[in-house]
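*Asks:* Given next are the chains, with one letter for each unit.
Number of protein chains: 2
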Amino acid sequence: MPTKSAASSRDPGQSALLTDLYQLTMLKAYWEHGMHETAVFEFFVRRLPPNRSFLLAAGLAHALDYLERLRFEPEALAWLGGQSAFPPAFVDWLADLRFTGDVDAMPEGSVFFPDEPVLRVTAPLPQAQLVESRLISLLNFSSLIASRAVRFTLAAPKAQLVDFGLRRAHGSEAGLLAARAAFIAGFDGTATVLAGQRWGIPTFGTMAHSFIQSHDSEADAFVRFARAHPDNVVLLIDTYDTEAGAAKVVEIAPGLRAEGIEITAVRLDSGDLATHARRVRRILDEGGCPGVRIFASSSLDEYEVARLADAPIDGFGVGAALTVSSDAPTLDSVYKLQEYDGRPRRKRSEGKATWPGRKQVFRTCTDGRLASDVLGLEDEGLTGEALLEPVMRVGARLRPDPALEEIRDRVRSSLAILPDGLRALASARAPFRVEPSPGVRALSRQVDGKSAGCGVDSDFRTSGVTR
Amino acid sequence: MPTKSAASSRDPGQSALLTDLYQLTMLKAYWEHGMHETAVFEFFVRRLPPNRSFLLAAGLAHALDYLERLRFEPEALAWLGGQSAFPPAFVDWLADLRFTGDVDAMPEGSVFFPDEPVLRVTAPLPQAQLVESRLISLLNFSSLIASRAVRFTLAAPKAQLVDFGLRRAHGSEAGLLAARAAFIAGFDGTATVLAGQRWGIPTFGTMAHSFIQSHDSEADAFVRFARAHPDNVVLLIDTYDTEAGAAKVVEIAPGLRAEGIEITAVRLDSGDLATHARRVRRILDEGGCPGVRIFASSSLDEYEVARLADAPIDGFGVGAALTVSSDAPTLDSVYKLQEYDGRPRRKRSEGKATWPGRKQVFRTCTDGRLASDVLGLEDEGLTGEALLEPVMRVGARLRPDPALEEIRDRVRSSLAILPDGLRALASARAPFRVEPSPGVRALSRQVDGKSAGCGVDSDFRTSGVTR
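Protein sequences appear in the order of chains G and B.
The numbers in the numbering used here rise by one with no breaks, and the one at position 429 of the first sequence is 429.
The numbers in the numbering used here rise by one with no breaks, and the one at position 273 of the second sequence is 1273.
Don't read these hints as lab results, they were simulated from the structure.
Keep in mind the model is a prediction, meaning the values are calculated, not measured.
Don't be surprised by glycine CBs; every beta carbon is placed ideally from N, CA and C.
Among the hints, erroneous ones may be present.
Ranges of calculated distance between the beta carbons of each label pair, as one might list FRET restraints [as the list claims (entries may be wrong)]: (1) D310/G x P1312/B: 42 to 50 Å; (2) D379/G x E1286/B: 41 to 49 Å; (3) P290/G x G1034/B: 33 to 41 Å; (4) R278/G x P1050/B: 42 to 50 Å; (5) E1243/B x S84/G: 52 to 60 Å; (6) R1071/B x G291/G: 51 to 59 Å; (7) G1421/B x R343/G: 44 to 52 Å.
According to the in silico footprint, chain G covers these stretches of chain B (three or more CB under 8 Å from chain G) [as the list claims (entries may be wrong)]: (8) 1148 to 1159; (9) 1227 to 1233; (10) 1379 to 1392.
Some chain B residues near chain G, calculated using beta-carbon distances under 8 Å [unchecked claim]: (11) G1013; (12) T1025; (13) L1077; (14) A1085; (15) F1204; (16) Y1303; (17) V1324.
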């Protein structure tokens, strides 16, 4: 085995080789047999994770960017050419491969449910197939994080919420995309500087315990930090003793004020946060610092944040619970062939069957609240708002990515239509059910009846699709 | 807020801005006050996740690469210069900042336990501080995945194990690094092509259900695939009906054999895998295909793999359970200041206290089995194997990264010394305890006694450090 440098300056997310080998082995067979007809694939989630009653769509901007940029770089082609499974003519064909298909998708920030297509790709079969692994990865991760993040905004609608999870995120792209997904879902900002640089997301930051520890005196550390960042003085007060730290804040405040520096907030990062917050609030108030806010962090999840609603805490920093969606770190999402060469297709594997055809989600509201989502055929002519919109045609985006503020607005309006039962932190007692339309049901029966090479019509199991 | 393209061609993992804002705010204060003395930070895990009795160290190669390459690129400097918090002279200083420190670390593939430093940085304070976020992220993630992966090798020591988890991984870097961490831990390979190209890790791949569905006949799809990949024919047989699929394999096998093509294996991906495997094994054996192996996938974790030990399954593809470490998707790892300017430091926050000083782990075996790990001071002169080795001096690696095969050998020998109780899938009834040395205990008392600006010596809580 060759020993290479472990890292590379190339972004793995930009390599066409960031895919599963089976995409390439299938492509070779399609190429050999000239199977270039139009295929329709849909990305959807099969079931809700525990503790979720709805999901938020996110990641579309990155998915479209991936499709627009997709190509095999020279380094990748050279490597593939050295693999005996891939003959030169196939590698030459890969060199010219671009994504020239269409995409219809729910806008980022949409509320969606299992079985609903979030994104549909219509493209020549090899193109539509090749993009599976990376499309799933991008849509799955951002939707996962946005769907967790929004629960914190529901738990603490008035508190400031900041993503502190870069160090716990699974690698660089995860850390960066999690900051974006959280902001979309309603967080106020992130500690991740690169998310500020790339997307203008507000960045927040204070100090680590090491800053306090590297000074001989905690009070000296506070004063130095305040002078270095006079516009945003947030002091971490739990390195040695939280209440003693708060007392020092009160001691140094008048001197700093004389210099024109106001202390913005203190941060608590250990112990019983509610108790400490109450004590610290009293120390600050009695010490003439009623304007100093209290910010809390320390392995918080949305339940803990909800429990702290009565404590005098003005904001929360959230780590792993957000950036790895620790209670449900994956979505059961798939990208499945629904039609090839004009004929609808379906998979009937046990517990994993799919609805065939080009589908659309038709949403109806009553009195401003979500009444029904019907999973219908695109051309079935059903009433209701059609959630999938055209976003790419012949490989090109139809419009620039929406601004993040626009997506945040969409989240707010999406949440507003949710019934209260779905907005609660606990799983809804009556989960929201997506209704397959008569057209979808009829097409399923028709496909099963015609299915060649199988002969097991009676094997149509509904358990996997209706739940 | 500016609307930028969501993506960028730059690798986020190569940007110095992939860090927490507080690193930069602290750096500014250190810079203002000339705090450039030597700091010692150690990376360690505070406690084991559920279902773990030991951890495997991984990610060092990438951590060292990061330190060697660290610099603020012009784009980053320009952006920082536009932020009011960072004056031009500070940004100029950042432009020249490089990592010039020393690193001592456990080699990748080492077994380690909570409280044991896995990596120690000795460098001027601003450098040692700045690298915190990315070092934690790299070491935390690869160690997390290696520590989950090794459990599959313990559950099925004779089976072929392949990483199928790219699509579930949290982004591009996670997918790539997970493939490497799994291979280090003993997996046979990965489906992720880029991991093959970058590091020579063996890649595995077959076909998706869409390949079968895009053909009118399942048997035609099998034959086409076999002809396209005659050297590695693995056929997915559960798209419509698993046993019917196996029967088709038996039907086409003689024809393919006449063409010189042998079917390598079939893959099961749904239903009760043990039952299907037994039925399929019988169909294959009775149909003259005893050499066709059976490979299984479908949301497998190590417990399910262990339960399938008696089924005729020769290999497993593992997805989310591996690449997001789904049962425990994060490690409670930290990077803490232990010494600054020649004086030991410690944090005493409730439940989060640390042991001060430059430490080493001294491991002793008896009769080839792990007997004790003592957490001592580097210069305490204790007996036993010292686990931390010098790996970087003055910002340069002391040797090339070890080959992956060398790391795999280290994992095998590390596992060999583990007591049986720690190797079991269930958490050990008697967890392995790391012993702080007399020197470490004495230093802690000394630091607490001298601690300035706090005055709460009685607040020395041992609960956080001895557990």
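*Asks:* Take the C-beta atom of D379/G and the C-beta atom of E1286/B, compute their distance, and say whether it sits inside 41 to 49 Å.
*Replies:* holds (48 Å)
*Asks:* Three or more residues of the segment 1227 to 1233 of chain B near chain G by CB distance under 8 Å?
*Replies:* Contact hint for the segment 1227 to 1233 of chain B vs chain G: holds, 5 residues under 8 Å.
*Asks:* Take the C-beta atom of E1243/B and the C-beta atom of S84/G, compute their distance, and say whether it sits inside 52 to 60 Å.
*Replies:* Given a distance of about 33 Å, which is not inside 52 to 60 Å, the answer is violated.
*Asks:* For the restraint on Y1303/B, tell me whether the closest CB of chain G is nearer than 8 Å.
*Replies:* violated (17 Å)
*Asks:* Taking 42 to 50 Å as the hint, is the beta-carbon distance of D310/G and P1312/B inside that range?
*Replies:* For D310/G and P1312/B the Cβ distance comes to about 59 Å; the hint is violated.
*Asks:* If you count the residues of the segment 1379 to 1392 of chain B with a beta-carbon closer than 8 Å to a beta-carbon of chain G, do you get 3 or more?
*Replies:* Result for this restraint: violated, n = 0.
*Asks:* Does the hinted range 44 to 52 Å hold for G1421/B and R343/G at CB?
*Replies:* Given range 44 to 52 Å: violated, Cβ gap about 57 Å.
*Asks:* Could you check the hint for me, namely that R278/G and P1050/B are 42 to 50 Å apart, CB to CB?
*Replies:* violated (32 Å)
*Asks:* Would you settle whether the hint for V1324/B is holds or violated, based on the nearest Cβ-Cβ distance to chain G being less than 8 Å?
*Replies:* holds (4 Å)
*Asks:* Does F1204/B pass the interface hint, meaning its C-beta sits closer than 8 Å to a C-beta of chain G?
*Replies:* Hint on F1204/B: holds, closest Cβ of chain G at ~6 Å, below 8 Å.
*Asks:* Under a C-beta cut-off of less than 8 Å, do 3 or more residues of the segment 1148 to 1159 of chain B approach chain G closely enough to confirm the stated coverage?
*Replies:* Check failed, 0 qualifying residues.
*Asks:* Does A1085/B pass the interface check with chain G, least Cβ-Cβ distance below 8 Å?
*Replies:* For A1085/B, the interface hint holds, since the closest Cβ of chain G sits about 6 Å away, which is under 8 Å.
Going down the numbered hints, you'll see the structure goes against 1, 4, 5, 6, 7, 8, 10, 13 and 16, while the others check out.
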